[in-house]
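> Here is how the chains run, residue by residue.
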Amino acid sequence: MIRVVIPHHLRTLARVDREVELAVEPPVTLGAVLDALEARYPVLRGTIREHGTLQRRAFIRFFTCGQDWSQEPYDTSLPEAVVAGAEPLRVVGAMAGG
Amino acid sequence: MSGIRVLVGTRKGAFILTSTGKRKRWKVSGPHFAGWEIYHIKGSPVDPNRIYASQSSGWFGQLIQRSCDGGETWEAVGKEFNYDGNPGTHQWYDGTQHPWEFKRVWYLDPSLTDPETVYAGVEDAALFRTTDGAQTWQELPGLRAVKGPLWAPGAGGMCLHTILQSPSDPNRLYTAISAAGAFRTDDGGQTWRPINKGLVSKYELPDPEAEVGHCVHNLAMHPLRPDVVFMQKHWDVNRSDDAGETWHEVSGNLPTDFGFPIAVHAHEPETIYVIPIKSDSEHYPPEGKLRVYRSRTGGNEWEALTKGLPQSDCYVNILRSALAVDTLDSCGLYFGTTGGQVYASADAGDNWTPIVRDLPAVLSVEAQTLP
Chain A
1 MIRVVIPHHL RTLARVDREV ELAVEPPVTL GAVLDALEAR YPVLRGTIRE HGTLQRRAFI
61 RFFTCGQDWS QEPYDTSLPE AVVAGAEPLR VVGAMAGG
Chain B
1001 MSGIRVLVGT RKGAFILTST GKRKRWKVSG PHFAGWEIYH IKGSPVDPNR IYASQSSGWF
1061 GQLIQRSCDG GETWEAVGKE FNYDGNPGTH QWYDGTQHPW EFKRVWYLDP SLTDPETVYA
1121 GVEDAALFRT TDGAQTWQEL PGLRAVKGPL WAPGAGGMCL HTILQSPSDP NRLYTAISAA
1181 GAFRTDDGGQ TWRPINKGLV SKYELPDPEA EVGHCVHNLA MHPLRPDVVF MQKHWDVNRS
1241 DDAGETWHEV SGNLPTDFGF PIAVHAHEPE TIYVIPIKSD SEHYPPEGKL RVYRSRTGGN
1301 EWEALTKGLP QSDCYVNILR SALAVDTLDS CGLYFGTTGG QVYASADAGD NWTPIVRDLP
1361 AVLSVEAQTL P
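Protein chains in written order, with the numbering used here: chain A, 1 to 98; chain B, 1001 to 1371.
In case anyone wonders, no lab produced these hints; they're calculated from the structure. C-beta atoms are modelled at their ideal positions from N, C-alpha and C, and glycine is treated no differently. Heads up, none of these hints are tricks.
Label-pair ranges, simulated between beta-carbon atoms:
id	chain 1	residue 1	chain 2	residue 2	range
1	B	Pro-1269	A	Arg-18	52 to 60 angstroms
2	B	Asp-1280	A	Pro-73	43 to 51 angstroms
3	B	Cys-1068	A	Arg-40	18 to 26 angstroms
4	B	Cys-1068	A	His-51	21 to 29 angstroms
5	A	Gln-67	B	Thr-1327	58 to 66 angstroms
6	B	Cys-1068	A	Glu-19	27 to 35 angstroms
7	A	Glu-19	B	Val-1028	29 to 37 angstroms
8	A	Gln-67	B	Asn-1049	48 to 56 angstroms
Input sequences plus hints: build the corresponding full structure.
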């Protein structure tokens, strides 16, 4: 199972605990995990990626295994540690505003 | 016994204030949607327990929430606001053209006759409508066709912030946009006309009497006289007696005619209220005195209402959607401040008391009179 950590406000919105687990068919790419997250919790559509264009919202970042994956194309395969469930993909609301 | 429900949108959530018709003791519920901006929250006139809220965040975008039980529970509903076709460009702050981009919903106006139908005013300015209880939204693009490329954002963005439905004609709607002006449709939103004749914006526009471009802050009307419309413009308080065809200024003896909200007494169509703010560069009350001004003559002659309101060291602002009236026999008024106070008057503004003092900055206030 793929583990995904989402920010506080989105956990409240989706009514989930801190971490969610998703079944994702290989290849486990960044886009496939986000697709699975939005399919399981439709209320999250548009909150992480823009409606229609699916562009990452400006103040959202994707971190995993100590690396920033925010600029990676959606078809990039995630690290083996994420595929194996050892590490979560973290969806982060960027700190902004002082 | 009748009751009052006051719906308050703030920078950090929604609050619901309830009281009996006496309006003495209040129960405060909230924050709902804690941490999110609630630009507007409003109930259906035909089903008061059906409430719609605009929930947004710079991080996570726009959501719409719906309650069918008076705000006890909520359901996230449709939040896709797609402009009809390519929306093109509008004027930017520097005079160049800028792409039309959806940012948020400023105003939700449930239909006067159908709880499933709601109008939404959005930034960048456009009008949307749902007929399925906010599951899906469709733009009424005829509005943007009215010289849209000449519209420009005000300081708060290019927002459609005011929607008035005519109770006597279901096909007639008024809208107001900063900074584009006032507009009216007489065919249910298919086609629109600018209704800005008589407005003068000598500090804001190269052509002070331009057809579009005026920074209208708010509109109000009495349901029994839907052709009489009152306007708080950036500067100037105006009225129209012919459904917006022509306007004339009624600022009269106001200490300043800058301000944001305007409201009409529930039972006296010529009694109107504004809350003067010192200027567009100093968004607080003149002299640090928070005063609501009432005219019983439809404008020009104004009296200050001060009892119960701070008369020194008060430097809050009152935003355009943050003044509301109830419809009890003794008309109640409510307004919220950027300092987090919500003040109430149970006697048409003669006396005021704070319901709450320490909410987040208040963005909007709506009052529901419950059976």
